[in-house]
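All chains should be modelled from the sequences, with the hints used to inform the complete structure.
Protein chains: 2
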Amino acid sequence: MTTGLDLTVTEVRLTPVLVADPPLLNTQGVHQPYTPRLIVEVVTAGGITGYGETYGDTKYLEPARPLAGKLIGRQVTDLNGLFALDVAVDASRVRDAVDVGGLRGVQTADKLRLSVLSAFEVACLDALGKALGLPVHALLGGKVRDTVEYSAYLFYKWGAHPEGVAGEKDDWGAALDPAGVVEQARRFTERHGFTSFKLKGGVFPPDEEIAAVRALAAAFPGHPLRLDPNGAWSVETSVRVARELGDVLEYLEDPVLGTPAMAEVAARTGVPLATNMCVTTFAEIKEAFTRGAVQVVLSDHHYWGGLRNTQHLATLCAAFGVGVSMHSNTHLGISLAAMTHVASTVPNLHHACDSHYPWQSEDVLTERLTFDGGRVAVGDAPGLGVELDRDRLAFLHRRWAEDDGRLRDRDDEAAMRVAEPGWVTPAAPRW
Amino acid sequence: MTTGLDLTVTEVRLTPVLVADPPLLNTQGVHQPYTPRLIVEVVTAGGITGYGETYGDTKYLEPARPLAGKLIGRQVTDLNGLFALDVAVDASRVRDAVDVGGLRGVQTADKLRLSVLSAFEVACLDALGKALGLPVHALLGGKVRDTVEYSAYLFYKWGAHPEGVAGEKDDWGAALDPAGVVEQARRFTERHGFTSFKLKGGVFPPDEEIAAVRALAAAFPGHPLRLDPNGAWSVETSVRVARELGDVLEYLEDPVLGTPAMAEVAARTGVPLATNMCVTTFAEIKEAFTRGAVQVVLSDHHYWGGLRNTQHLATLCAAFGVGVSMHSNTHLGISLAAMTHVASTVPNLHHACDSHYPWQSEDVLTERLTFDGGRVAVGDAPGLGVELDRDRLAFLHRRWAEDDGRLRDRDDEAAMRVAEPGWVTPAAPRW
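Each protein sequence line maps, in turn, to chains W and F. Numbering-wise, the first sequence is residues 4 to 434 according to the working numbering. Numbering-wise, the second sequence is residues 4 to 434 according to the working numbering.
It is worth saying that the hints were derived from the structure and are not from the lab. Please read all numbers here as calculations on a predicted model, not as lab measurements. Among these hints, one or two may not hold up.
[As the list claims (entries may be wrong)] Below 20 Å or equal to it, Euclidean Cα-Cα: the simulated EDC-like pairs (lysine to aspartate or glutamate) are:
(1) W/289 <-> W/247
(2) F/289 <-> W/290
(3) W/62 <-> W/290
(4) W/289 <-> F/290
(5) W/62 <-> W/416
(6) F/73 <-> F/9
What follows is the structure, given as structure tokens:
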């Protein structure tokens with residue numbers, strides 16, 4: 004074969020990094036000043052390098068290392084086989100409780116396994132696309148749209164990380180009341196052109212968050228709005244909020260925890276419920292869909308197991324009349340490119356996707372992806388169409404290597420204790 | 004780009020053919036002496052030709068012709084876009100009744116549309132694979148097995164087509180009682196090495212078919228057995244047969260018509276129910292799976308809309324704990340290759356697939372596919388790994404062109420009337 008077309012994996016590089024994260028608030032606490040991500044590079048015998056990205060906490064890093072070794076000698080086309088590989092997940096790292104910080108639903112060994120594998124799948128697809136001269140979307144059956152719409156991801160936010168804590172400065176300012184939220188939303192529209200808005204809630208008493216959404220509705224009349232308290236509410240509170248905001252909400256996201264409670268809220272209100280906590284694995288779908296607990300699944304290619312599983316999920320949702328959109332955790336440009344490629348191939352994607360990317364001032368790319376009118380263009384360059392900046396990668400990796408270990412595992416609760424000693428995540432439902 | 008890598012479609016050729024079919028019996032009547040198939044060829048600017056195959060009746064041919072024109076100028080990678088194309092289906096051809104001959108469940112305009120599109124999808128995948136030097140399975144995420152198991156598809160059968168009717172002779176002889184069925188099964192094992200057996204039932208009163216399955220169980224102890232009366236039975240009859248054969252059946256296939264009746268049979272027996280009639284589209288899944296009406300879906304890439312939809316379906320089945328295998332109508336080697344490629348990529352394929360291929364003495368390939376130990380090897384040659392025999396294609400097309408129109412639309416009921424004047428398909432349930 005010609006150079007570039009020997010698709011055998013000859014090397015896999017794993018680079019954990021710490022990237023700056025602003026002091027964004029959620030029901031568990033506050034984002035740490037730096038958050039861990041793992042950059043995966045898959046190199047083929049033909050000299051092609053593919054990029055992937057996933058969570059970088061220790062529990063992801065540990066199984067990623069032996070998995071990297073198992074890829075050597077395999078073909079980058081062998082994606083179904085990749086997901087059949089044994090991934091050594093440390094069960095003690097999985098607490099069968101709602102995941103910290105990520106707020107990605109209940110932690111399970113299988114979800115952890117898929118979250119690791121997905122970065123390797125994306126890296127293989129990127130390498131394959133580059134080797135063949137095809138964009139990743141073409142490897143997924145081709146794009147059905149030329150741009151993918153994202154929503155402005157609004158957060159209650161402090162002006163800066165607590166005193167005495169390292170961290171990069173950000174220019175977003177504080178947002179701790181309706182006026183602050185509206186101001187943040189305006190900045191999002193000015194900078195990136197977003198036209199739909201999601202507010203991360205579960206931080207303040209529901210009436211304050213209702214007021215914030217009302218203020219957004221007044222400032223941006225007719226624009227799609229979402230509120231996501233990450234399961235912090237009771238069924239009764241959820242029903243009340245749904246009724247009070249029903250006229251302005253595109254959907255209410257994870258107001259309560261668990262399928263039975265979500266089903267009850269859904270049955271008692273006409274507001275669609277979206278989720279990235281109730282349905283986060285294929286195993287959770289049957290009960291939730293049968294009971295009508297969710298109307299929109301927010302997929303996340305990291306924990307659903309890659310771009311092809313995201314497509315499977317979308318088809319499944321279509322068959323059950325359930326909508327589909329996309330969830331986001333703190334992530335870098337590799338994952339935004341991956342999200343954009345797969346989102347461009349999903350016919351039934353009818354809601355703007357979430358992305359934390361505007362909050363990330365740091366990246367590992369030579370050129371950041373940009374939002375134009377709230378949309379990311381779907382590129383036709385080979386692979387994901389992004390290039391690693393090795394100096395930046397090395398810089399962010401050094402930060403990880405030099406960390407004393409406290410920031411290598413994201414812990415929003417611990418970060419909150421710096422400002423509020425004795426803080427523990429309130430038991431759900433908090434309100 | 005180098006030759007072979009300009010993936011723009013420059014020509015699409017459609018060739019309807021009539022291929023010999025033995026006098027196989029089913030609940031609607033008997034197979035015609037010749038059955039129509041449509042061969043699709045997609046040619047790229049790079050000079051690559053990809054092959055696809057689907058049903059060849061007039062109602063498929065009509066929408067295929069304008070669709071062929073719409074492909075010109077498109078990329079063979081653009082498969083999601085392909086399925087978004089408007090396909091002009093003649094609604095008057097769709098009767099919202101159980102499809103003739105094919106016994107593919109209720110006819111709908113959408114199923115007809117997908118049945119046409121699927122041949123173009125397969126042809127595009129074949130062309131893409133050839134252009135890239137990759138087997139089709141690699142374009143589908145890679146094979147997870149090196150061979151795909153098929154079952155022996157046993158039919159009640161006359162020794163020859165009725166006197167005065169054209170048709171090729173076959174050497175299988177008649178099979179009209181338990182001894183004949185067992186003899187046919189022995190020949191299947193001798194010729195192809197099959198180790199599981201499906202009997203197409205609904206032809207004789209249930210007690211005769213029970214006796215045939217018992218005879219198979221005695222002749223092939225421990226081998227997986229299936230019985231498929233194509234919905235000819237009542238719920239009571241189905242429950243009785245399930246109870247009488249429960250100890251030897253791998254599954255019972257479509258004993259009754261419709262989700263409510265299937266659900267009742269499933270609830271009253273412990274025998275898994277398989278289907279290619281109750282669930283044949285994504286739209287039918289929700290009710291059937293919610294009600295537990297089916298335990299195994301027999302996918303068919305022709306009417307489910309191609310190889311990638313088959314993978315979506317398999318993932319959906321896995322999420323609901325429903326098994327998956329593969330249905331077959333009369334088909335040629337292009338479709339057997341396509342079935343084999345996609346089947347090799349489905350992790351949760353736990354039952355041998357059906358195939359009529361051993362009944363087809365004629366093909367359009369330079370080299371027929373073969374069963375070894377009942378299995379077809381999954382090739383690694385580019386594309387589907389099959390080559391058209393243009394002389395054979397022309398010969399079989401001439402048969403179609405010279406037909407007076409009677410055989411261009413499969414009609415097992417009309418074929419039966421040649422032997423039994425006045426025959427009409429008995430109303431279901433027949434027994």
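Taking the hints in turn, this is what the structure says about them:
{"no.": "1", "hint": "W/289 <-> W/247", "result": "30 Å, violated"}
{"no.": "2", "hint": "F/289 <-> W/290", "result": "12 Å, holds"}
{"no.": "3", "hint": "W/62 <-> W/290", "result": "28 Å, violated"}
{"no.": "4", "hint": "W/289 <-> F/290", "result": "12 Å, holds"}
{"no.": "5", "hint": "W/62 <-> W/416", "result": "18 Å, holds"}
{"no.": "6", "hint": "F/73 <-> F/9", "result": "18 Å, holds"}
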